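S.K.: Sequence:
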Amino acid sequence: MALARAEARCGVIPREAADEIAARTDVTSLDFDLLRQETDIVGYPILPLVHQMVKQCGEAGRYVHWGATTQDIMDTAVVLQLRA
1 MALARAEARC
11 GVIPREAADE
21 IAARTDVTSL
31 DFDLLRQETD
41 IVGYPILPLV
51 HQMVKQCGEA
61 GRYVHWGATT
71 QDIMDTAVVL
81 QLRA
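The numbering of the sequence shown is full-length UniProt numbering, which starts it at 1 and goes up by one.
Just so you know, these hints were derived from the structure itself, not from any lab.
Heads up, some of the hints might be wrong.
Computed list of lysine to any residue pairs in SDA-like fashion (alpha-carbon distance at most 20 angstroms, straight line) [what the hints assert, rightly or not]:
(1) K55 - Y44
(2) K55 - D75
(3) K55 - A84
(4) K55 - W66
(5) K55 - Q37
(6) K55 - E16
(7) K55 - C10
(8) K55 - R9
(9) K55 - M1
(10) K55 - A23
(11) K55 - P45
As the structure is a computational prediction, the values presented were derived from the model and not from experiment.
Go ahead and model the full structure; you've got the sequences and the hints to work with.
M.R.: Spelled out as structure tokens, the structure:
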């Protein structure tokens, strides 16, 4: 959601898409068992997480991972954890 909001501010994705992603993404409805299972298969959690978010976001889902590499997201997550 933060990525979509930042990209919308910069004109990279439509503002409507960012708003839709923010409104429809519901972390509490993620299937964590499926997330674990798919993470074990691919070796990292981003792809399985993105798949679930895309399903939640409908048409705006195509912008969920727009312009960011999986490594960008993993690196950002590590920095946020270090700050906590």
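S.K.: It remains to establish, for every hint, whether it holds in the given structure.
M.R.: Status of each hint after checking the structure:
1. Distance hint between K55 and Y44 is fulfilled; the C-alpha atoms sit about 19 angstroms from each other, no more than 20 angstroms.
2. Under the criterion of a C-alpha separation no larger than 20 angstroms, the hint pairing K55 with D75 is inconsistent with the structure, at around 24 angstroms.
3. Note on K55 and A84: the hinted pairing is violated, with a Cα-Cα distance of about 30 angstroms set against a maximum of 20 angstroms.
4. A C-alpha spacing of about 15 angstroms is found between K55 and W66, which places the hinted pair at or below 20 angstroms, so the restraint holds.
5. For the suggested pair K55 and Q37, the alpha carbons sit about 17 angstroms apart, so the restraint of at most 20 angstroms is met.
6. Among the hinted pairs, K55 with E16 is consistent with the structure: their alpha-carbon atoms are about 17 angstroms apart, no more than 20 angstroms.
7. Restraint check for K55 and C10: the C-alpha separation of about 25 angstroms exceeds 20 angstroms, so the hint is violated.
8. Between K55 and R9 the alpha-carbon distance is near 24 angstroms, which puts this suggested pair outside the 20 angstroms criterion.
9. In summary, the hint linking K55 to M1 is supported, as the alpha carbons are separated by about 14 angstroms, within the 20 angstroms threshold.
10. Among the hinted pairs, K55 with A23 is consistent with the structure: their alpha-carbon atoms are about 13 angstroms apart, no more than 20 angstroms.
11. Only pairs whose Cα atoms come within 20 angstroms are accepted, and K55 paired with P45 is accepted, the gap being roughly 16 angstroms.
The structure does not agree with the numbered hints 2, 3, 7 and 8 stated previously, though it agrees with the rest.
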